[in-house]
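Trainee: Sequence:
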Amino acid sequence: METLLITTNDFSERVDVSNHVDDKYIDRHIITAQERYLRGLLGAEFYTELLEEKATGYWTGSNETLVDTYITPYLIWRAYQLYIPHSGIFFTGMGPREMTEDNSVLASREAMAQLTDTARNHAKFYEADVKI
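Quick note, the sequence shown lines up with residues 1 to 132 if you use the numbering used here.
If you're looking for bench data, these hints aren't it; they were derived computationally from the structure. Wrong hints could be hidden among the right ones.
Lysine to aspartate or glutamate pairs mimicking DMTMM-like chemistry, simulated, CA-CA at most 20 Å apart [said to hold, decoys possible]:
no., residue 1, residue 2
1, 24, 10
2, 54, 101
3, 24, 45
4, 54, 98
The following label-pair restraints were derived from C-beta to C-beta distances [claimed, not checked]:
no., residue 1, residue 2, range
5, 58, 112, 39 to 49 Å
6, 94, 23, 39 to 49 Å
7, 109, 49, 38 to 48 Å
8, 101, 25, 39 to 49 Å
9, 15, 69, 16 to 26 Å
10, 108, 19, 24 to 34 Å
11, 105, 61, 50 to 60 Å
12, 94, 42, 24 to 34 Å
Just so we're clear, the structure is a prediction, and the values are computed from it rather than from any experiment. Beta carbons are placed, not taken as given, at the ideal position from N, Cα and C, and that holds for glycine.
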């Protein structure tokens, strides 16, 4: 499992999300926010250093303060930005479903187009890491 610099509890305390959302639906957006946005801001080497320090629980210098004071709120809002378009759509054996108050309906073309565009943009970002 990848190291998360913030917890789902950090996320849930600051944004509007149900307590009934499984952590795995939030964690995936935290990971993407870290990889896609934070790594570029910090540089790969320093980003990796922070992940290693978080994993071991041993912080050097003022890295813990940096994470707690500045990086945590940044990642919360970036992860929330990524979470919102996916929050009401789930993929099932019957295809993509949009949740309604009582049940679910087939996801609209517009909703699927937005998710497809988001996935395409993420793929393009990660493509840059694998180009030789």
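Trainee: For each hint given before, does the structure comply? Return the numbers of the non-compliant ones in rising order.
Mentor: Violated hints (numbers, rising): 2, 3, 4, 6, 8 and 12; every other hint is consistent with the structure.
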